[in-house]
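2 protein chains.
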Amino acid sequence: MTQSLNNIHAVILAGGSGTRFWPLSRETCPKQMLQIVGEDSLIRQTIKRINGFVPPQNIWIVTTEDKAQDTRFHLEPLGALAKSIQFIKEPLGRNTAPAIGLAAIYINQFSSDSIMIVMPSDHAIPTSQKFLSDLKLSIKGAEEDYLVTFGIRPSRPETGYGYIKVDCTSQIKLKGVLKVECFVEKPNVETAKTYLSDGNYFWNSGIFVWKTSKILSEIKTHLPSLYDSLKKIESLLFSPDKPADPITHLANDLITYKPNDSITQLLNDLYSRLEPVSIDYGVMEKSTNVLMVPATFQWSDLGSWTALDEVVDKDKEGNILKGNTIDIGSHDSIVFSGQRLVATIGLKDMVVVDTPDATLVAPKERAQDVKRIVETLKQNGREEHLLHKTVERPWGSYTVLEKGNGYKIKRIVLKSGAKLSLQRHRRRSEHWVVVSGVAKVTRESETYLVQNNESTYIPINTKHRLENPGEELLQIIEVQNGDYVEEDDIERFDDIYGRT
Amino acid sequence: MTQSLNNIHAVILAGGSGTRFWPLSRETCPKQMLQIVGEDSLIRQTIKRINGFVPPQNIWIVTTEDKAQDTRFHLEPLGALAKSIQFIKEPLGRNTAPAIGLAAIYINQFSSDSIMIVMPSDHAIPTSQKFLSDLKLSIKGAEEDYLVTFGIRPSRPETGYGYIKVDCTSQIKLKGVLKVECFVEKPNVETAKTYLSDGNYFWNSGIFVWKTSKILSEIKTHLPSLYDSLKKIESLLFSPDKPADPITHLANDLITYKPNDSITQLLNDLYSRLEPVSIDYGVMEKSTNVLMVPATFQWSDLGSWTALDEVVDKDKEGNILKGNTIDIGSHDSIVFSGQRLVATIGLKDMVVVDTPDATLVAPKERAQDVKRIVETLKQNGREEHLLHKTVERPWGSYTVLEKGNGYKIKRIVLKSGAKLSLQRHRRRSEHWVVVSGVAKVTRESETYLVQNNESTYIPINTKHRLENPGEELLQIIEVQNGDYVEEDDIERFDDIYGRT
Numbered sequence: 010m011t012q013s014l015n016n017i018h019a020v021i022l023a024g025g026s027g028t029r030f031w032p033l034s035r036e037t038c039p040k041q042m043l044q045i046v047g048e049d050s051l052i053r054q055t056i057k058r059i060n061g062f063v064p065p066q067n068i069w070i071v072t073t074e075d076k077a078q079d080t081r082f083h084l085e086p087l088g089a090l091a092k093s094i095q096f097i098k099e100p101l102g103r104n105t106a107p108a109i110g111l112a113a114i115y116i117n118q119f120s121s122d123s124i125m126i127v128m129p130s131d132h133a134i135p136t137s138q139k140f141l142s143d144l145k146l147s148i149k150g151a152e153e154d155y156l157v158t159f160g161i162r163p164s165r166p167e168t169g170y171g172y173i174k175v176d177c178t179s180q181i182k183l184k185g186v187l188k189v190e191c192f193v194e195k196p197n198v199e200t201a202k203t204y205l206s207d208g209n210y211f212w213n214s215g216i217f218v219w220k221t222s223k224i225l226s227e228i229k230t231h232l233p234s235l236y237d238s239l240k241k242i243e244s245l246l247f248s249p250d251k252p253a254d255p256i257t258h259l260a261n262d263l264i265t266y267k268p269n270d271s272i273t274q275l276l277n278d279l280y281s282r283l284e285p286v287s288i289d290y291g292v293m294e295k296s297t298n299v300l301m302v303p304a305t306f307q308w309s310d311l312g313s314w315t316a317l318d319e320v321v322d323k324d325k326e327g328n329i330l331k332g333n334t335i336d337i338g339s340h341d342s343i344v345f346s347g348q349r350l351v352a353t354i355g356l357k358d359m360v361v362v363d364t365p366d367a368t369l370v371a372p373k374e375r376a377q378d379v380k381r382i383v384e385t386l387k388q389n390g391r392e393e394h395l396l397h398k399t400v401e402r403p404w405g406s407y408t409v410l411e412k413g414n415g416y417k418i419k420r421i422v423l424k425s426g427a428k429l430s431l432q433r434h435r436r437r438s439e440h441w442v443v444v445s446g447v448a449k450v451t452r453e454s455e456t457y458l459v460q461n462n463e464s465t466y467i468p469i470n471t472k473h474r475l476e477n478p479g480e481e482l483l484q485i486i487e488v489q490n491g492d493y494v495e496e497d498d499i500e501r502f503d504d505i506y507g508r509t
Numbered sequence: 010m011t012q013s014l015n016n017i018h019a020v021i022l023a024g025g026s027g028t029r030f031w032p033l034s035r036e037t038c039p040k041q042m043l044q045i046v047g048e049d050s051l052i053r054q055t056i057k058r059i060n061g062f063v064p065p066q067n068i069w070i071v072t073t074e075d076k077a078q079d080t081r082f083h084l085e086p087l088g089a090l091a092k093s094i095q096f097i098k099e100p101l102g103r104n105t106a107p108a109i110g111l112a113a114i115y116i117n118q119f120s121s122d123s124i125m126i127v128m129p130s131d132h133a134i135p136t137s138q139k140f141l142s143d144l145k146l147s148i149k150g151a152e153e154d155y156l157v158t159f160g161i162r163p164s165r166p167e168t169g170y171g172y173i174k175v176d177c178t179s180q181i182k183l184k185g186v187l188k189v190e191c192f193v194e195k196p197n198v199e200t201a202k203t204y205l206s207d208g209n210y211f212w213n214s215g216i217f218v219w220k221t222s223k224i225l226s227e228i229k230t231h232l233p234s235l236y237d238s239l240k241k242i243e244s245l246l247f248s249p250d251k252p253a254d255p256i257t258h259l260a261n262d263l264i265t266y267k268p269n270d271s272i273t274q275l276l277n278d279l280y281s282r283l284e285p286v287s288i289d290y291g292v293m294e295k296s297t298n299v300l301m302v303p304a305t306f307q308w309s310d311l312g313s314w315t316a317l318d319e320v321v322d323k324d325k326e327g328n329i330l331k332g333n334t335i336d337i338g339s340h341d342s343i344v345f346s347g348q349r350l351v352a353t354i355g356l357k358d359m360v361v362v363d364t365p366d367a368t369l370v371a372p373k374e375r376a377q378d379v380k381r382i383v384e385t386l387k388q389n390g391r392e393e394h395l396l397h398k399t400v401e402r403p404w405g406s407y408t409v410l411e412k413g414n415g416y417k418i419k420r421i422v423l424k425s426g427a428k429l430s431l432q433r434h435r436r437r438s439e440h441w442v443v444v445s446g447v448a449k450v451t452r453e454s455e456t457y458l459v460q461n462n463e464s465t466y467i468p469i470n471t472k473h474r475l476e477n478p479g480e481e482l483l484q485i486i487e488v489q490n491g492d493y494v495e496e497d498d499i500e501r502f503d504d505i506y507g508r509t
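Just so you know, the sequences run in chain order A and B.
Sequential numbering of the first sequence, starting at 10, is according to our numbering.
Sequential numbering of the second sequence, starting at 10, is according to our numbering.
The shape of chain A in the complex, shown without the other chains:
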């Protein structure tokens, strides 16, 4: 590579909600945060995969405003690496072309020769030398001012993916890289079979490599309206009167935009008026400067529960049984359970996914229709698409054990050193029983310790704070009492996680 490493940036797209993995995925716990395959969540695996190939400070996460804080918290287990990662927050999701364009604007500030590697955050790719050597090859293409994509050699007549057709007769100077003839829409099964036997058709992996200057000029050509908006956004973000640390104006800060911040308002307005369009449809299908690296690495887009068949080891009956399951005589089925028992008998090509508050049962061939269940839940104002019963927080987690008329019971877990916000509830009191560790409790002007097997009481309208001053995990059982026991009855006075 002629590029210095410092000039290569990784842009990880993390705006998706992944409704197709419901009930395991939720709006507050999208697919990229799930550990479905491998030893870590998909987004953390994505970061680890690229870390080292690009410097940590060149890793960018593009996500939406509402997901940014949760995503940031989710990355904490990465330690110092997490702190280096920069966030680009979209005011709202507008598909991949605007997200990639926005990232290009940011990265282009460093150098118009900057190369960006665009990657989804929720695909399954085993970390391997193959991935990195394919990446090196793609960068050579990008240096030649091409848009480079990665094609996956099809293993079955898949009708759920778009295809890339390569032109093997074109002479490309770069060995191992192919000229793209065209992008092809999702085929029917007959056409997919011809693609499979043809040999010149590849699956579109959604991973792209290019110079920022190149993608911006291609956007200018094929999506001129988006380009105009991006230029306006650039001038707002990086105008001469705002030279101080422009890169982190939106990046890295997790403070909510203030509505009276006129620049932020303008940005939001501009962004929300962008046409939602994918980079594939908006640019890749139209550009004549596209090369493809035939991927030598394993890949799955994990498009639905059935995609697990490609990436998870099966038992000799073809089943994937995970968690607390008992099975008699099923085959070729996927059963995912947590603590609750799922008993299955004689299933064939079925998917069963169990979570503490919801269970899904469907034949594999209908797994895509899970998104229709999620839509129904949204329409009906249900919570099962939104939250899990256990909600991960920067300080630990809480689990709603039961909600009844006038009360709610939670188990709250605080990591060592964690500190909830100083808060007050207008309509509920709280009883706390410590079941492991030691709690430090602030109640108005008092501060005291509550040991394991001791309890304390927070009356209604009382300022209070819970901390874990010890080394051990603190677990408390909280019984809330009141005529209204929802999460939004909270007034925060001080919060080390910036949520006041």
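It is worth saying that the hints were derived from the structure and are not from the lab.
Every clue listed holds true.
Treat identical chains as interchangeable: a pair holds within one or across any two.
Straight-line alpha carbon distances no greater than 30 Å define the calculated DSSO-like cross-link-like pairs of lysine-lysine that follow: (1) Lys380 <-> Lys323; (2) Lys202 <-> Lys295; (3) Lys323 <-> Lys57; (4) Lys387 <-> Lys325; (5) Lys57 <-> Lys92; (6) Lys417 <-> Lys472; (7) Lys323 <-> Lys387; (8) Lys182 <-> Lys295; (9) Lys398 <-> Lys417; (10) Lys202 <-> Lys139; (11) Lys295 <-> Lys241; (12) Lys449 <-> Lys417; (13) Lys325 <-> Lys373.
Here the structure of chain A is known, so what remains is to put chain B in place on it, guided by the hints.
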């Protein structure tokens, strides 16, 4: 009828565990206690069906020692009727012939002309005049010293039932009653089809009517060893030196047998050595004195989840969807849910049953194999076949919300006036938070009230008692703390339900 009503007794067999309705049925909540169809539990429906036809004090429940107390509590909603019902407790289950023989011994004490109607406790029969008029007809047969059974005209070539073949050429004085030629084992599907078209084959309903003297003489002929044991049991129970209230020696008392009670020991020894045999195999198939009343009433033995198809109304897609369910495009499927959400897509001939701690998924044709799941759970020492998360008690109920390392959380509900036993735990303390109603708490020598939104603490090794002195339901959240938080860490000093 020439019999006076007072001479007719109803014997309800309630020793079954109903593993085929797992996970809704459990060892402590067998099928007869479920409200699967109709407005009440199956056993309470059975009692209501016969009540009035026989006097309340002539209703007998035969069940096993370990189920007697729970069954008695389960009948409490029947009020005064429940108090009249007499219990015959088998030391352990030995199939239907011993259970019926034991009941015959009891009822025969009144008069050898006593007529007993033997009924399972867990079948589905809509209460109707048809049932009662069929019953009247059967009693006429019993008066003529026949064993009378009820045959169900088959509606499909069922291979899961035994059949009764009638001899239509035999002349019987009683109009509408048929002579039984023979009992036939469960057929294969081809044979079942010929039975269906033949017209002389009926399903065996398991409901029988006969004189106590007649069934005892038939047992003497066909099961002489059982007869000998029954005579010994009779002499122990009703010996001249124990004339005082012999009927209630075993019946109606719920006090645990004392091991030093030699008569009880003898009874238990005798009973446990009986050969487990069904009345069908042991007597009905061999006797030549059997009549059959072709039932005009609706009937299902509810032999498995799929039997619901016969007795529950289906939607236009042929589905039975009950509870918190969302479905897209399933047909001919059964989905049973409670509070948790069960989402189903495109199921066909499937059964999905969800309970707070366990879910079952199986094709209808494999529903019978549920019992294999239950066996596996037993072998593995699991609790999911034994208890529900919510356990009904005479004083109310408790629900285990969570059990963790060193703690257990329960919601305890006490009916108005209910009073738990005075008790002590050696290895756990308890924190109680009242979330509705008022609690009266005894803690060693103190007694005090705890109001809604107040809490109290029961240290380890402290005698305590919880009561609901108010009109309102009392609900408390109990957080147990200790190195051992199982149900058997309890020492009872006084209990109004006789459990000390």
